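On the provided structure of chain A, position chain C as indicated by the hints.
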Amino acid sequence: MKKFNLKYHIVFPLLGLACIVMIACERGFSDDVDLATFPNTPDIFTDAPVGLTDEFFDSFDPAVGANTEGFSTDDSEAFAGTTSIRVDVPTPNDPNGGFIGGIFKDRGDGRNLTGYDALTFWVKGSTTATIGTFGFGSDFEEDKYAVSINNIELSTDWKKVIIPIPDPSKLVQEKGMFLFSAGTESTNGMGYTFWMDELRFENLGTLGQPRPKIFGGQDQTGQANVDTSVPVIGLVYTVNGPDGLDITVNAAPSYYDFETSNPFVASVDELGIVTVDGPGVDGDNTAVITGSIGGTPAQGSLTIEAVNINVIALFSDVFAEVLVDNYNGFYLEQNTLGGNVDEDGNEVITYTQLDFVAIEFYGRDGSEAEPIDATEMTHLHIDVRVNENVDPGDFVRFALFNNFTLPGGTDGSFTISSGELQANQWVEFDIPLSSFNGLGGRDALGALFTVTDNTINNLSLDNIYFYSEN
Amino acid sequence: MNIKKNIKLSTLQWCCALLGMGTIGVVAVSCNPDDTQVVANFNTITMQDEFDVDGAPDPTVWGYEIGDGTAQGIPGWGNNELQYYTDRPENVVVENGMLKITAIQEDFEGSSYTSARILTQGLFEQQYGRFEARIKLPWGKGLWPAFWLLGNDCAENPWPNCGEIDIMEYLGDDPTVVFGSVHGPGYNGGDSVSKEYRLPDARFDDEFHVFGVEWSPNRINYYVDDVLYQSITPETIADEAAESIDDSLLDNAGEWVFNRPFYIIINIAVGGNLPGSPNADTVFPQTMYVDYVRAYAAD
Numbered sequence: 001m002k003k004f005n006l007k008y009h010i011v012f013p014l015l016g017l018a019c020i021v022m023i024a025c026e027r028g029f030s031d032d033v034d035l036a037t038f039p040n041t042p043d044i045f046t047d048a049p050v051g052l053t054d055e056f057f058d059s060f061d062p063a064v065g066a067n068t069e070g071f072s073t074d075d076s077e078a079f080a081g082t083t084s085i086r087v088d089v090p091t092p093n094d095p096n097g098g099f100i101g102g103i104f105k106d107r108g109d110g111r112n113l114t115g116y117d118a119l120t121f122w123v124k125g126s127t128t129a130t131i132g133t134f135g136f137g138s139d140f141e142e143d144k145y146a147v148s149i150n151n152i153e154l155s156t157d158w159k160k161v162i163i164p165i166p167d168p169s170k171l172v173q174e175k176g177m178f179l180f181s182a183g184t185e186s187t188n189g190m191g192y193t194f195w196m197d198e199l200r201f202e203n204l205g206t207l208g209q210p211r212p213k214i215f216g217g218q219d220q221t222g223q224a225n226v227d228t229s230v231p232v233i234g235l236v237y238t239v240n241g242p243d244g245l246d247i248t249v250n251a252a253p254s255y256y257d258f259e260t261s262n263p264f265v266a267s268v269d270e271l272g273i274v275t276v277d278g279p280g281v282d283g284d285n286t287a288v289i290t291g292s293i294g295g296t297p298a299q300g301s302l303t304i305e306a307v308n309i310n311v312i313a314l315f316s317d318v319f320a321e322v323l324v325d326n327y328n329g330f331y332l333e334q335n336t337l338g339g340n341v342d343e344d345g346n347e348v349i350t351y352t353q354l355d356f357v358a359i360e361f362y363g364r365d366g367s368e369a370e371p372i373d374a375t376e377m378t379h380l381h382i383d384v385r386v387n388e389n390v391d392p393g394d395f396v397r398f399a400l401f402n403n404f405t406l407p408g409g410t411d412g413s414f415t416i417s418s419g420e421l422q423a424n425q426w427v428e429f430d431i432p433l434s435s436f437n438g439l440g441g442r443d444a445l446g447a448l449f450t451v452t453d454n455t456i457n458n459l460s461l462d463n464i465y466f467y468s469e470n
Numbered sequence: 001m002n003i004k005k006n007i008k009l010s011t012l013q014w015c016c017a018l019l020g021m022g023t024i025g026v027v028a029v030s031c032n033p034d035d036t037q038v039v040a041n042f043n044t045i046t047m048q049d050e051f052d053v054d055g056a057p058d059p060t061v062w063g064y065e066i067g068d069g070t071a072q073g074i075p076g077w078g079n080n081e082l083q084y085y086t087d088r089p090e091n092v093v094v095e096n097g098m099l100k101i102t103a104i105q106e107d108f109e110g111s112s113y114t115s116a117r118i119l120t121q122g123l124f125e126q127q128y129g130r131f132e133a134r135i136k137l138p139w140g141k142g143l144w145p146a147f148w149l150l151g152n153d154c155a156e157n158p159w160p161n162c163g164e165i166d167i168m169e170y171l172g173d174d175p176t177v178v179f180g181s182v183h184g185p186g187y188n189g190g191d192s193v194s195k196e197y198r199l200p201d202a203r204f205d206d207e208f209h210v211f212g213v214e215w216s217p218n219r220i221n222y223y224v225d226d227v228l229y230q231s232i233t234p235e236t237i238a239d240e241a242a243e244s245i246d247d248s249l250l251d252n253a254g255e256w257v258f259n260r261p262f263y264i265i266i267n268i269a270v271g272g273n274l275p276g277s278p279n280a281d282t283v284f285p286q287t288m289y290v291d292y293v294r295a296y297a298a299d
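For the protein sequence lines, the chains are A and C, in the order given.
Under our numbering, residues 1 to 470 are what the first sequence spells out, in order.
Under our numbering, residues 1 to 299 are what the second sequence spells out, in order.
No lab work stands behind these hints, which were simulated from the structure alone.
Treat the hints with caution; some may be incorrect.
[Unchecked claim] Result set (EDC-like, lysine to aspartate or glutamate): computed pairs, CA atoms no more than 20 Å apart in a straight line:
(1) 141(C) with 243(A)
(2) 141(C) with 207(C)
(3) 136(C) with 243(A)
(4) 160(A) with 174(C)
[Unchecked claim] Covered stretches of chain A, as calculated for chain C (at least 3 residues, CB under 8 Å):
(5) 194 to 206
(6) 238 to 244
[As the list claims (entries may be wrong)] Partner residues aside, some chain C positions facing chain A, computed with beta carbon under 7 Å:
(7) 139
(8) 174
(9) 202
Just so you know, these numbers come straight off a predicted model, no measurement behind them.
Glycine included, every Cβ here is placed at the ideal spot set by N, Cα and C.
Looking at chain A on its own, in the form it has when it is part of the complex (with noise of 0.2 Å):
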């Protein structure tokens, strides 16, 4: 009934059976071959673009919001030399677009990177405003090798930003020279303006402590059926930097190198994509997916187990969720705060303040979500965890409501105590719907009530599903 250390489950519908593995004959170069090589220019703006598109500056689509009239050069502010690039944020309301961001991409076919360790520019704010994302690797057609830093806090006076190149072998020919995007959540909707200049590529040398990660460093466990396909998650790059403070940046999947421990269960592709191939042999149904950088272990694992199950989600980073009304519905007579937030790329939810609260999914206030008919199911699984010291008297109580806020309506619950529970540790738990007392039928669940009275104020939720085995 009850596992330790589990998280992230991931169950897809069944798909098919037909397994194929193919094994591809390597053959090196032969040593008549030329490789062709792009040009290694580091510069991608001084006083004037280097080597960029003659659009300069390719604007994220207008249609989604992006101001593409803010944007210039100006030549009376600059870090060196005579121009830099000017930056004027908008308010959530210019008619223009209620942001502004884009890339700029190399005029050419890309350039070789491989000599260089950063991307690395000068900025100034006109305020000290927070910008949301600076990057590079991304060309509006693969972006195979993105990496974004975000919530970089602008200096009214010019301060530097590196931006790691997490594996520099892989990028020899990049066409994605800088991103960026900014907008006014932190001036509370004030416009502001900012100025870049010296954007260019480095080798600095300085850069040290490569500590990648997937999965945002956990190591997690899902179930997933065969034929079915789950992404690695919470990609994070992280290097110590010349000041001796850690600089984290999220990067592509390509510039990992992802391997799984039993091929005769899942694979993973260059993209991170991992796919469930087969149910295994010999009565191992496991296959552990790590990662590297560069030759440096990714912190973080999936264990992911071949399963054959049924599932309806109602909560779930990889499963396809059913809509739900919410999960906090905030009732006039509870204290709880809180709901889905996301922690280290996953999502999950966390309530403080608990003393009860609802996830509702019948429709509230006549939105479209229905009620769920849970009449083939047979278990309900959610994983706990409690985000404070678990104390004796401590416990979670779970109720399911069939026919929920209509007349002939039931429900049941099933308790936790507290010797189930561990502190600040997820703790997963498979509860057979008939063991909700009380419950008369499950054709239209319409609420999953948390109950703590209070005895644990700060629980975190995750992958929330019913399901049966075929």
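This is chain C only, laid out in the frame that chain A set:
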């Protein structure tokens, strides 16, 4: 033994002198045509530990300081350091051709960290010469490794009078910088004579570098690899002592005390006045790798 070290770092000056160091013999080239540098030649090897035998460090060369300094009368080793020094293989061992000194975060004898400090006191002591070690350093806030020399008469002639020559000190949150210092009467702690050396395009925690001094009767030259970055003379320290009003009241303020045998110390301190405490980003354990330690004397 080293009581207080608040290092005053002088401005990094690029000395235009580069040394060819294929041999141990030394040539110094001055930045300024009016300067002349006196350089000694140290060609005779007097001590050499290549750390080729696995296990504990060679007991004929190395001993240990144990504890948190309380037994020595200086809790926190005089600097409010946080580590407890041990001689356990977890903290100090020779493996794969290297000496490894490892700082570990663990509760041990009332301290939150363990580490090691090894020394050649009573086993190898030498007056003048070239002292060098090839080292890869740890990293992270709160780590404070050092390769240094201490006068062999500190028991009778308490620090700073017995003299201290810090060949290499480094703070783990400044991974491109090392510094070299001397401490003595009227020039110690925050008023030591000290200078930093910064790698322009590399780090000290991901590759080995050679740290050395060449110590002659009236001069101590400091090197990182083949770069001479500091040259300390009796005049240098007299000037430093003169700037320190309190200490200049001492009878011997500014005295050149580097004219007796010194012994070698290698350690990693954790926390303390100079580096500050480790923080949440500090990764433990942290290891200092020493490929070799060598000493040379004049012909």
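Going down the list of hints, with the structure as the test:
1. 141(C) with 243(A): Distance of about 11 Å is within 20 Å: holds.
2. 141(C) with 207(C): Since the Cα atoms of residue 141(C) and residue 207(C) sit roughly 19 Å apart, the hinted pair holds (cutoff 20 Å).
3. 136(C) with 243(A): Holds: residue 136(C) and residue 243(A) sit about 18 Å apart, inside 20 Å.
4. 160(A) with 174(C): 17 Å, holds
5. 194 to 206: That given contact holds, which follows from 4 residues of the region 194 to 206 of chain A lying within Cβ reach (below 8 Å) of chain C.
6. 238 to 244: It holds: at least three residues are needed, and the region 238 to 244 of chain A offers 4 whose Cβ sits within less than 8 Å of chain C.
7. 139: Given a least distance of 6 Å, the restraint on residue 139(C) holds.
8. 174: Result: holds, 5 Å to nearest chain A Cβ.
9. 202: 5 Å, holds
When each numbered hint is compared with the structure, no violation occurs for any of them.
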